[in-house]
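> Protein chains in written order, with the UniProt record's numbering: chain A, 1 to 313; chain B, 1 to 283.
Hints were generated in silico from the structure; no laboratory data involved. Ideal Cβ placement from N, Cα and C applies to all residues, glycine included. Hints should not be assumed to be uniformly reliable.
[Stated by the list, open to error] Chain A regions said to be covered by chain B (calculated; three or more residues, Cβ under 8 Å): (1) 33-42; (2) 46-53; (3) 125-135; (4) 138-146; (5) 149-155; (6) 178-188; (7) 267-277.
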Amino acid sequence: MKAAQSTQIDPSKKPKGNREKRRTALAAYFFVSPFFILFLIFGLFPMVFSFYLAFFRWDGLGEMTYVGLANFQFIFNDPVFYSSILNTFIIGLLGTLPQIIFAILIAFALNSALIKFRNTFRTIIFLPYITSVVAVAIIFGVVFNNQPFGFVNYLLSLADIEPIRWNAEYWPVKIAIATMVFWRWVGYNTIIFLAGMQSIPKELYEAAKIDGATISQQIRLITLPMLKPITLFVVFTATIGSLQLFTEPLIFLGRNLREEGITMVAYLWRDAFVYNSFGTASAAAIALFFIIIVLTVVNLLITSRMGRSKKVG
Amino acid sequence: MGKEKNHGKKKFSVQKLFVYLFLIAGSLASLFPFYYMFVMATRINREINQVPPPFTPGADLVSNFQKVLNNIDFFGAMWNSFFVATTVTLGTLLLCSLAGYTFAKLEFKGKAFLFTAILVTMMVPPQLGLIPQYYIITSLGWLNDFRAIIIPGLINAFGIFWMRQYIKEAVPFEIIEAARIDGCSHFRTYWNIVVPTVLPAFATLGIIVFMTVWNDFLWPLVVLRDPSMQTLQVALRSLNDARQLDYGMLMSGTFWATVPLLIVFLLFNRLFIQSLSEGAVKS
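Sequences are here, hints too, so could you generate the full structure?
Structural data, given as C-alpha cells:
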C-alpha cells in the first residue's frame, strides 16, 4: 500500500483523483475497523444475546432450555429484585446528592482568590479518587465494623450510642455504602467543578462585590448558573455510576449480598456467577437496561431543555 | 469611604478563616482513611479488637505483610495488574489515535454515520452484556487468560472521540497534505507526523486508561478465576473473603497495594488532575 501510492501523485495538485479517494477510503475503513470488529463481538452481540438468553434456562455449561417468560416471572416475583432496584436508587441518592453539594462548596472554597496552598488542598482532596474501589470498600469495611471497636461505632459510643450492625441493618448498610461512594468521588467532582469555575470571568465577581453581593449571593447568582453545563455532566455521570454500583456492596457484604444492600448489578452478578442461573440474570439485565434507557432519556430531555453549552460537548 | 473599606477587609478575613477551616476539615476527612489503614496495617488483631481501637501505628508492619504473602501471591498479582494495564493502555492508544486521525483528517463515505455510531456506543452500560461476554470468552478458551481482559479492553469510544478532537486542533491539514504529496502512505503520515504532535494527548488518555484497567474489578473477577492469574484487585478481595478476618493482614495488603499508585500520583499529580478534569469536561 505504501509504495504504490507514492509515484502516482502529481506533486503540483491536491490528490483528488478517484483512485486516490478510493485508497483513502480503504485506509480509513482499515484504521477504524478494529473498533467496530471488537464492538460487534464484545459489545453489540452480547447485548443482543442477553435478550435471547433471558428466555432460556441455562446454568452456563449444559443445555439451554426455552422457558418463555418464566425468567421474567421469577425475577418480578422475587422481592430481592425489587430491593435491589430500591437499594440502587437509595444508595445512589445518598451517595451522590451530598457529594455534588460538597464538591461545589469545596471547589468554591478552592477557587476563592486569597487561598494559599491551593494545590496542596486540591491534591489531598483528590487523593481518594485514585484509590481502587476494592481498597476503598475494604478500608470502609473496617471503619464500619459491627463490633464496638469499629471506628464509627467507637465514635458513636462516645456519644453513648449503642454499636450499630453496619452490614446487617436496613439504613446502616445503605449509609455505609453511600459513604464509600461519597468519599471516593467527592474530590473528583470537586476538580471538575473547579475547572468549570476557573473558566468563569473574574470580572463578574468583581462587579458583584462592588454591588455589595454577599458570598452566598455570588454563589447563587453567578457561580451556579455558570456551572449549569458542568453540573449536568456531573449529575449524568453520577447517575450512570450509581446504576453500576457493584464492588462496594460485594466487598462490604460478601458474596451472598444481603437484601439490605444488594444493588442491581450485584443482583445479576449473583444470579449468574453464584447461583449459575444465567437466564434469570439475563432477565435482570434486560430490566436494568430499560431502567437505564428511561433515566438516560430523562437526563437528555433535561439537558436539552436547559440548553446546550459551549463548555461541554 | 475609608471606613467602608476597612469594614470590607475585616469581613473578608472572617470568611477566609471559615474557608480555611472548611478546607482543612475536608482534607482531614480525605486523609483519615489512609492514615487509619496504615495504623491497622501495623497492628495485630488483638490490638485492633480493643475498645478504644488504636489510633497510632504499632510494630507489626512487616509481620502483617508476611501474612499477606503467605495468603496470596501479592507481587504476582501486582505484576499481572501491571502487565494487563500496560498492554491495554498501549493497544488502546494505538487504536484510538489511528481511528481518531481517520475521523479527524480523512474523507470517506459513511464517516459521519460511523462516528455517531461510536458516540452512541458510549451510552451502553458494559454490565448488561456481562453474561454473554463471559460465554464468548469461555467459547474462545480465554478463561483465565489475559486476552480476556486485554482484547475487549481495547474498545474505547471515549478514546477515539478524545484523539479526534485533539488531532483536529493540533495537526494542520497542510502538513498532512505535504506529507502525502511527498509520498507518505496514510499510515506513515499518521506515524511520523500525527503521533509526535499529539504526545500530550497520549499522556492524558494513557493515564485514564491505565487507571481504569488497574482499578477494574467486576470483569477480572468474572474471567480470571485461577489465583495465579488474578489481578491485584481480585486478589485483595480474596483476602477480604476469609472466614476469620485478620484485620491487620487485610489492611496491610490494601496498604501495600495502594502505595505504588499513591507514589505515581504524587509524582505526576498535576498531569493526573489536569488529564482527568480535561477528559471529563470535554467528553
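> Run every hint past the structure and note whether it holds.
Evaluated hints:
1. 33-42: holds (count 7)
2. 46-53: Coverage by chain B holds here, the residue count being 5 at a Cβ distance below 8 Å.
3. 125-135: holds (count 11)
4. 138-146: That given contact holds, which follows from 6 residues of the stretch 138-146 of chain A lying within Cβ reach (below 8 Å) of chain B.
5. 149-155: Holds: 4 residues of the stretch 149-155 of chain A have a Cβ under 8 Å from chain B.
6. 178-188: Holds, because 3 residues of the stretch 178-188 of chain A bring their Cβ atoms closer than 8 Å to Cβ atoms of chain B.
7. 267-277: holds (count 4)
The structure agrees with every numbered hint stated previously.
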